[in-house]
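> Spelled out from the first residue to the last, the chains are:
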Amino acid sequence: MAMAIDNAFEVDFSSYSSITTTTTTTTDDDPACTWNDWGSPVVDWDSLSSERDEFQDLIESMMDDGTELELARVGHETSNSVSTDTMVAHQETNGEDFKGLRLVHLLMAAAEALTGANKSRELARVILVRLKELVSPNDGTNMERLAAYFTEALQGLLEGSGGGHGKHLITSGPQHHRNEHHQTDMLAAFQLLQDMSPYVKFGHFTANQAILEAVTHDRRIHIVDFDIMEGIQWASLMQALASRKDGPPTPHLRITALSRGGSGRSSIGTIQETGRRLVAFAASIGQPFSFHQCRLDSDETFRPSAVKLVRGEALVINCMLHLPHFSYRAPDSVASLLSGAKTLNPRLVTLVEEEIGPIGDGGFVGRFMDSLHHYSAVYDSLEAGFPMQSRARALVERVFLGPQIAGSLARIYRTQGEEESCPWSKWLAAVGFKPVNISFANHCQAKLLLGLFNDGYRVEELANNRLILGWKSRRLLSASLWTSPDTEL
Amino acid sequence: MFQPKKPSTMNSHDRSMCVQGDSGLVLTTDPKPRLRWTVELHERFVDAVTQLGGPDKATPKTIMRVMGVKGLTLYHLKSHLQKFRLGKQPHKEFNDHSIKEASALDLQRNAASSSGMMARSMNEMQMEVQRRLHEQLEVQRHLQLRIEAQGKYMQSILEKACQTLAGENLAAGGYKGIGNQDMGAMKDFGPLNFPPFQDLNIYGGDQLDLQHNMDRPSLDGFMPNNDNICLGKKRPSPYGGSGKSPLMWSDELRLQDLGTAPSCLGPQDDPFKTDIAPPSIDINTDLDSISEIYEAKPVLSSDGMGEKKFEASPKLERPPSRRAAVQTERMNPMINSGSVAQGRNSPFG
Chain P
1 MAMAIDNAFE VDFSSYSSIT TTTTTTTDDD PACTWNDWGS PVVDWDSLSS
51 ERDEFQDLIE SMMDDGTELE LARVGHETSN SVSTDTMVAH QETNGEDFKG
101 LRLVHLLMAA AEALTGANKS RELARVILVR LKELVSPNDG TNMERLAAYF
151 TEALQGLLEG SGGGHGKHLI TSGPQHHRNE HHQTDMLAAF QLLQDMSPYV
201 KFGHFTANQA ILEAVTHDRR IHIVDFDIME GIQWASLMQA LASRKDGPPT
251 PHLRITALSR GGSGRSSIGT IQETGRRLVA FAASIGQPFS FHQCRLDSDE
301 TFRPSAVKLV RGEALVINCM LHLPHFSYRA PDSVASLLSG AKTLNPRLVT
351 LVEEEIGPIG DGGFVGRFMD SLHHYSAVYD SLEAGFPMQS RARALVERVF
401 LGPQIAGSLA RIYRTQGEEE SCPWSKWLAA VGFKPVNISF ANHCQAKLLL
451 GLFNDGYRVE ELANNRLILG WKSRRLLSAS LWTSPDTEL
Chain U
1 MFQPKKPSTM NSHDRSMCVQ GDSGLVLTTD PKPRLRWTVE LHERFVDAVT
51 QLGGPDKATP KTIMRVMGVK GLTLYHLKSH LQKFRLGKQP HKEFNDHSIK
101 EASALDLQRN AASSSGMMAR SMNEMQMEVQ RRLHEQLEVQ RHLQLRIEAQ
151 GKYMQSILEK ACQTLAGENL AAGGYKGIGN QDMGAMKDFG PLNFPPFQDL
201 NIYGGDQLDL QHNMDRPSLD GFMPNNDNIC LGKKRPSPYG GSGKSPLMWS
251 DELRLQDLGT APSCLGPQDD PFKTDIAPPS IDINTDLDSI SEIYEAKPVL
301 SSDGMGEKKF EASPKLERPP SRRAAVQTER MNPMINSGSV AQGRNSPFG
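Line order of the protein sequences matches chains P and U. The first sequence: position 479 = 479 (the UniProt record's numbering), numbered continuously. The second sequence: position 30 = 30 (the UniProt record's numbering), numbered continuously.
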């Protein structure tokens, strides 16, 4: 810090730049609450996620140590910043950490107030007001920005939880958000997302490598893509196919993209645009290619009969869900695809989905906290990618993650306690699909890919056919491989 | 400085440093300089000995004359000749440098002959390891190509969006200048995809000269329209202030929810912003978020990374982030507010 003092009268930032080695390496001392490297609180959710009663107790104990005092004052006074400040004053060294933890507590309290045994919408409202004072979607620490989106999501639940109308509001929320965003906003955010994190590439490349391995000796390949988005996944597959050394050279690739109604990112128009782009790209690298689209029903149900099949082609079903830039897809729609796939006898099914924590019986609050944990890991990982560019990250958060958070919470709220979200990989196994091993090359590729980003990422092989991408101790994304029960392996 | 264990044996565990003299002799730098019998030197020695009729016929004096190597003394030759006469096994005489130079295969052969079975499985293991390494290299190479392909594709998307945007802006009228500059911003994101694969060491060197590599395929291959107005000039150092401050002006045109005010470009004397070509992406986005990527560089460069990189590659971010992230991130809002206070009228400072 001496250097900082010397430079005190120079430009502000120089004093910060000189601090390069004093990273607060916090270790996991506390059993229940640890701090990750970036100073965000990471609560040990496992120890909290058992029963609801524990949540009650925890909240009450937190309320006792002063939070309650705050909340009470909120009800009576307009500004209680004095009390907050005095509380904070005692915690100067852990100022940031304390603030982060307080936000977590408040969020949990709000969630509990919204849905707990002692439901109180009024209390929830009060807590959310307080939260809104403390958070901002554009400023501050990861926790503060994250809490902003969770607060907003909870607010939406609070206001919308009035029956059918609320349901409509909730499900259309994320969409509404998304359409608001200027297209270039989304592109910029997408580009940034790809540069600061490996999520997209991990999903795409793991699937592509598996596809390549599955079709080594085939001349014709047909891929049915559930959610093609911009089609970027296929650029690298085409490159690999066009230059493959073993097997018949330059096999013909056919892609059928599923399109949906409306005007969103998978409307017919957008899909056609994507198709044109892919055709142009394929031509540029000399890859024989054709593009089709297949319209989903109005309720987004997939009908296998709508897909044109050609004899002798190797069929692959590609199902990317939950990548950070993806829109939400209703479970029924996904189920219709996967069960429909079974009748089509695909050579390979590639599935990428989010990896969520164990579904205890914590009800809404438990799932809420798990979601908070999940997204705080994502935020931290993005920060590791672009540590100084909080505004760039704020853009990605605003365009992609915020809507995902809102949608995710809405779904949890709607299905409180229900075992709705069983991972699709489990579903596939239950329905009869057979696992396909992740190859050494695939695993190796994933490790190399992560190495390009940050040491905090890790890849695990949870099962023979499943690769998990995680940030620090939190598993985030799962890529799994399957084949039709009737295919001869 | 380590003392050599046995002055007479120059074995591979010797730790003293070596310097190479003018004559090409490799001498150690410990108190008693000893001569390192490198492969070349030994070969010359053997040649000389052979010329003179064999180790028994040759004498240190004659060898010295025949070899004609400056700095070689009788003392050196005497001891070496003695060993040569005794062992006649050149490999033993070599020090660690020579061993490195001697083919690994020779060593393996020696080992194999002496410990048969074990060596064979060692060989197998070695082959297995080599096979894995080879496969890893293959994967690495493929990964690089795939990332490139994705980048190229992304490029086409951005270009298309550029054009659309330019069209829109021109139509909107009065924003002509902005249209181009927005395209510039979009284009600028092209290379953002590529830096990561540099770390795959495809360019071979141990020390990746990142700057140098940045000029190569990433810009050439994937920015076909280098003279496109979008790019401005091809920049070896994108920070070479073309002073694209006008890019920031587009801020004025749309108030965005982030509320960044127009005058953010005002302070060209802002230490962050000098010499940075701010690639604003879009009039609606918070340009600052993007320019921040490049803002950060001056701050980080002080820790010796020296990367005045335009493209904020994830890898390039890494080392600084590991060290400084906690502190810098916490301070980041303050840094922002610092610069904000200087020039912008941002509501959140």
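I should point out that these hints are in silico values taken from the structure, not numbers from a laboratory. It cannot be assumed that every hint is accurate.
[As the list claims (entries may be wrong)] Straight line, CA to CA, 20 Å or less: simulated SDA-like cross-link-like pairs of lysine to any residue: (1) P:Lys245 with U:His134; (2) P:Lys245 with U:Leu145; (3) U:Lys83 with U:Val129; (4) U:Lys61 with U:Leu74; (5) U:Lys160 with P:Leu296; (6) P:Lys447 with U:Val129; (7) U:Lys160 with P:Met186; (8) P:Lys447 with U:Leu137; (9) P:Lys426 with P:Arg329; (10) U:Lys160 with P:Lys426; (11) P:Lys447 with U:Leu74; (12) U:Lys160 with P:Ala280; (13) U:Lys160 with P:Val279; (14) U:Lys160 with P:Thr270; (15) U:Lys160 with P:Asp185; (16) P:Lys472 with P:Arg458; (17) P:Lys245 with U:Gln136; (18) P:Lys308 with P:Leu296; (19) P:Lys447 with U:Arg65; (20) U:Lys160 with P:Ile268; (21) P:Lys308 with P:Pro288; (22) P:Lys245 with U:Arg132; (23) U:Lys160 with P:Lys245; (24) P:Lys245 with P:Gly286; (25) P:Lys447 with P:Leu462; (26) P:Lys426 with P:Lys472; (27) P:Lys245 with U:Leu74; (28) U:Lys160 with U:Met118; (29) U:Lys78 with U:Met67; (30) U:Lys160 with P:Ser263; (31) P:Lys119 with P:Thr415; (32) U:Lys70 with U:Ser121; (33) U:Lys160 with P:Gly357; (34) P:Lys447 with U:Glu159; (35) P:Lys447 with U:Gln130; (36) P:Lys447 with U:His134; (37) P:Lys447 with U:Arg132.
> Look at each hint and say if it fits the structure.
Here's how the hints hold up against the structure:
{"no.": "1", "hint": "P:Lys245 with U:His134", "verdict": "holds (16 Å)"}
{"no.": "2", "hint": "P:Lys245 with U:Leu145", "verdict": "holds (14 Å)"}
{"no.": "3", "hint": "U:Lys83 with U:Val129", "verdict": "violated (37 Å)"}
{"no.": "4", "hint": "U:Lys61 with U:Leu74", "verdict": "holds (7 Å)"}
{"no.": "5", "hint": "U:Lys160 with P:Leu296", "verdict": "violated (27 Å)"}
{"no.": "6", "hint": "P:Lys447 with U:Val129", "verdict": "holds (18 Å)"}
{"no.": "7", "hint": "U:Lys160 with P:Met186", "verdict": "holds (14 Å)"}
{"no.": "8", "hint": "P:Lys447 with U:Leu137", "verdict": "holds (13 Å)"}
{"no.": "9", "hint": "P:Lys426 with P:Arg329", "verdict": "holds (18 Å)"}
{"no.": "10", "hint": "U:Lys160 with P:Lys426", "verdict": "violated (40 Å)"}
{"no.": "11", "hint": "P:Lys447 with U:Leu74", "verdict": "violated (58 Å)"}
{"no.": "12", "hint": "U:Lys160 with P:Ala280", "verdict": "holds (12 Å)"}
{"no.": "13", "hint": "U:Lys160 with P:Val279", "verdict": "holds (15 Å)"}
{"no.": "14", "hint": "U:Lys160 with P:Thr270", "verdict": "holds (13 Å)"}
{"no.": "15", "hint": "U:Lys160 with P:Asp185", "verdict": "holds (14 Å)"}
{"no.": "16", "hint": "P:Lys472 with P:Arg458", "verdict": "holds (7 Å)"}
{"no.": "17", "hint": "P:Lys245 with U:Gln136", "verdict": "holds (17 Å)"}
{"no.": "18", "hint": "P:Lys308 with P:Leu296", "verdict": "holds (14 Å)"}
{"no.": "19", "hint": "P:Lys447 with U:Arg65", "verdict": "violated (60 Å)"}
{"no.": "20", "hint": "U:Lys160 with P:Ile268", "verdict": "holds (18 Å)"}
{"no.": "21", "hint": "P:Lys308 with P:Pro288", "verdict": "holds (18 Å)"}
{"no.": "22", "hint": "P:Lys245 with U:Arg132", "verdict": "holds (19 Å)"}
{"no.": "23", "hint": "U:Lys160 with P:Lys245", "verdict": "violated (33 Å)"}
{"no.": "24", "hint": "P:Lys245 with P:Gly286", "verdict": "holds (15 Å)"}
{"no.": "25", "hint": "P:Lys447 with P:Leu462", "verdict": "holds (14 Å)"}
{"no.": "26", "hint": "P:Lys426 with P:Lys472", "verdict": "violated (24 Å)"}
{"no.": "27", "hint": "P:Lys245 with U:Leu74", "verdict": "violated (61 Å)"}
{"no.": "28", "hint": "U:Lys160 with U:Met118", "verdict": "violated (63 Å)"}
{"no.": "29", "hint": "U:Lys78 with U:Met67", "verdict": "holds (14 Å)"}
{"no.": "30", "hint": "U:Lys160 with P:Ser263", "verdict": "holds (19 Å)"}
{"no.": "31", "hint": "P:Lys119 with P:Thr415", "verdict": "holds (17 Å)"}
{"no.": "32", "hint": "U:Lys70 with U:Ser121", "verdict": "violated (46 Å)"}
{"no.": "33", "hint": "U:Lys160 with P:Gly357", "verdict": "violated (40 Å)"}
{"no.": "34", "hint": "P:Lys447 with U:Glu159", "verdict": "violated (31 Å)"}
{"no.": "35", "hint": "P:Lys447 with U:Gln130", "verdict": "holds (19 Å)"}
{"no.": "36", "hint": "P:Lys447 with U:His134", "verdict": "holds (16 Å)"}
{"no.": "37", "hint": "P:Lys447 with U:Arg132", "verdict": "holds (14 Å)"}
This entry does not satisfy hints 3, 5, 10, 11, 19, 23, 26, 27, 28, 32, 33 and 34, going by the numbered hints stated previously.
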